[in-house]
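Student: Residues per chain are reported as follows:
2 protein chains.
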Amino acid sequence: MNFADTLIKAIDKKQNPSIVGLDPRIESIPDAIKEGKNPAEAFLEFNKGIINAVKDTVPAVKPQIAFYEQYGVEGIKTFIETVQYAKSKGMVVVGDVKRNDIGSTAKAYANAHLGEAFGLDAVTVNAYLGTDGVQPFLDKTTEGKGMFILVKTSNPSSGELQDQLLDDGRSVYQAMAELVNGWGQNSIGEKGYNSVGAVVGATYPKEAERLREIMPKTIFLVPGYGAQGGGADDVLPCFNADGYGAIVNSSRGVIFAYQKQGGEFDEAAGKAAQAMKDDLKTSLRKAGKWPW
Amino acid sequence: MNFADTLIKAIDKKQNPSIVGLDPRIESIPDAIKEGKNPAEAFLEFNKGIINAVKDTVPAVKPQIAFYEQYGVEGIKTFIETVQYAKSKGMVVVGDVKRNDIGSTAKAYANAHLGEAFGLDAVTVNAYLGTDGVQPFLDKTTEGKGMFILVKTSNPSSGELQDQLLDDGRSVYQAMAELVNGWGQNSIGEKGYNSVGAVVGATYPKEAERLREIMPKTIFLVPGYGAQGGGADDVLPCFNADGYGAIVNSSRGVIFAYQKQGGEFDEAAGKAAQAMKDDLKTSLRKAGKWPW
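One line per chain: the protein sequences are A and B, in this order.
Each residue of the first sequence is one higher than the one before, starting from 0 at the first, in numbering that gives the first Met the number 0.
Each residue of the second sequence is one higher than the one before, starting from 0 at the first, in numbering that gives the first Met the number 0.
Please keep in mind that the hints were generated in silico from the structure rather than gathered at the bench.
Any given hint might turn out to be false.
[Said to hold, decoys possible] Straight-line Cα separation of at most 20 Å, EDC-like style, residue types lysine to aspartate or glutamate; simulated pairs:
(1) Lys76/A / Glu115/B
(2) Lys76/B / Glu177/A
(3) Lys76/A / Glu80/B
(4) Lys216/A / Asp277/A
(5) Lys76/A / Glu73/B
(6) Lys76/B / Glu115/A
(7) Lys36/A / Glu80/B
[As the list claims (entries may be wrong)] Take a look, some chain B residues computed to stay more than 10 Å from chain A by CB distance:
(8) Asp22
(9) Ala65
(10) Lys76
(11) Asn99
(12) Asp138
(13) Thr152
(14) Leu235
(15) Lys276
Every residue gets a Cβ at the ideal spot worked out from N, C-alpha and C, and that includes glycine.
Please work from the sequences and hints to get the whole structure.
Tutor: Structure follows, in structure tokens:
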């Protein structure tokens, strides 16, 4: 099935356009889990607990590979096992890997992450190199795979390059958005959305409004909600009037919720995921963008 | 030691400003090496053969991690063992990983690749996210580590975003070059060069000339020589008048030389590395840019 359709189906099933970032940090893993394990082993047990706690509420998870790479081979093993576990629980898995390279090398990345080795449903991609670095990922859309391309990122200094104004009045991120919109035209699913998504930070709602116009049928992956400062109202412009077109990520705010709210880490994560859904529901309903 | 000084010292020792890309492809590995091994094991034996063949001629190697990631955990194991082997032979090792993310995640990448897990001397970085995504890598320059940031890449479609003109007359890649030049000011070594390098494709010599002016003391990592179509004359603008400031990469042209020239793969690679050195020497000498 077309990736956009797979994702929307999963969102419909949970009635929840959100995604949980699996970004484990050893200092934030409960001691009881760390005991007698190396960090990679602890990450895996932690992730399984989180996945079990959120799988009935949340349609997708987004493991951030950087945190796993820190532990070398063992870390990558945990990353792959996390992907497999989440898929076995019926979740869509987006690898936050931000890979990018020239064509022949990008093909190796696409094979690695969307193929057998890592088995992800979709990945994040940095398209600073243009079409030929993206093409190998686009080629995978015919196999039901997808991607989210960095357009306007959530971090404070994202504007240094992305906000630069071009001589035709567009910004760099708007130029990127037009490329992304074009790349998506060959993978349009039944719902009208396509498999070439965009990363658009919740921390820049005004920019998101304009980006929604430039990429009308692109699914936005929206980081920056929660720990990074974005609220549910900030993500509204990322959604279309039909209530689709975006999936909002929270990482620390869900997986480490126990640190603020106490209790068991998995229960706290489950509650935080539910609270995030409720929060999004309230804002989206008010805006007439809740489709269920 | 400051990374720029380490690299220049290695270049001086071999009197050769070149670097060999370790980008193994299973279909191009000799059958005798593949026999009885999985691809990751074959890659390691192949890489060791290449490293042994070029180590007396070439100062540095650049393993491209995408090719290793294709084989999951086993591939990463080979990547790490390749890094260790090359370092044990006295080579500088630049990981072509093009990592990038927001600050807290970029820190995990910097720890992973420039720290214990992967142990690289330097990495390539994509700076589409601006300063806060680069800072964790900059922080590692005080530990003798370095980086090469994508400025003008060698691929055909690099211009789609990188060549866009800003309203102040600069191109996007020139704006990136100015950022890179700024980021390098805190890691200037004894030779005047700094630890924050730039990736500048050999396939765009005219652009390189202007970039040399914008980043006078930045070391350019120059892909695109050989298989991608760049010749020794094309890389001349990447070098300063003192004959320093660039290191030219060849991957396929060296490591798979046996496919064109016959003979044993390692001997052919050694000869190709020597031929590349001679080729650079001839052009640089003619231009008065050969320092030895």
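Student: None of the hints should be skipped; say for each whether it holds.
Tutor: Status of the hints after comparison with the structure:
no.	hint	verdict
1	Lys76/A / Glu115/B	17 Å, holds
2	Lys76/B / Glu177/A	39 Å, violated
3	Lys76/A / Glu80/B	16 Å, holds
4	Lys216/A / Asp277/A	25 Å, violated
5	Lys76/A / Glu73/B	9 Å, holds
6	Lys76/B / Glu115/A	17 Å, holds
7	Lys36/A / Glu80/B	24 Å, violated
8	Asp22	7 Å, violated
9	Ala65	4 Å, violated
10	Lys76	5 Å, violated
11	Asn99	5 Å, violated
12	Asp138	15 Å, holds
13	Thr152	5 Å, violated
14	Leu235	22 Å, holds
15	Lys276	24 Å, holds
Consistency note: the structure conflicts with the earlier hints numbered 2, 4, 7, 8, 9, 10, 11 and 13.
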